[in-house]
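Student: Sequence:
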Amino acid sequence: ATVGKVWEWLIPSDTWMEVRKQLLVSSTIQSSEGVRVRVIADTQPSAESRLVTPTLEDAYLYYISANKQGATA
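For the sequence shown, the working numbering begins at 1 and goes up steadily by one.
I should point out that these hints are in silico values taken from the structure, not numbers from a laboratory.
Hints are supplied without guarantee of correctness; some may be wrong.
[Stated by the list, open to error] Simulated pairs of lysine-lysine, DSS-like, Cα-Cα distance not exceeding 25 Å: (1) Lys21 <-> Lys68; (2) Lys21 <-> Lys5; (3) Lys68 <-> Lys5.
Keep in mind the model is a prediction, meaning the values are calculated, not measured.
Build out the structure end to end from the sequences listed, making use of the hints.
Tutor: Right, dumping it as structure tokens:
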């Protein structure tokens with residue numbers, strides 16, 4: 001279900017909170033260059049983002065998120 005929906009890219013540290021509010025973030029790695037963020041989204045979230053192979057954790061987060069949205073609708 002998550003194939004073609006997991007994206008990764010490097011963002012400036014000061015934009016991290018905005019990305020977190022807008023997208024389903026599965027992981028982050030901070031470095032001196034910024035924050036490498038991995039998100040689950042139906043469409044490419046940024047021109048700099050690249051499609052990556054989903055992990056079991058990505059699939060779990062996607063499943064849990066979809067169930068929460070379905071429960072509140």
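Student: Taking the hints in turn, state whether each one holds.
Tutor: Outcome of the hint check:
1. Distance hint between Lys21 and Lys68 is fulfilled; the C-alpha atoms sit about 16 Å from each other, no more than 25 Å.
2. Only pairs whose Cα atoms come within 25 Å are accepted, and Lys21 paired with Lys5 is accepted, the gap being roughly 18 Å.
3. Taking the CA atoms of Lys68 and Lys5, the gap is about 18 Å. The hint holds against a cut of 25 Å.
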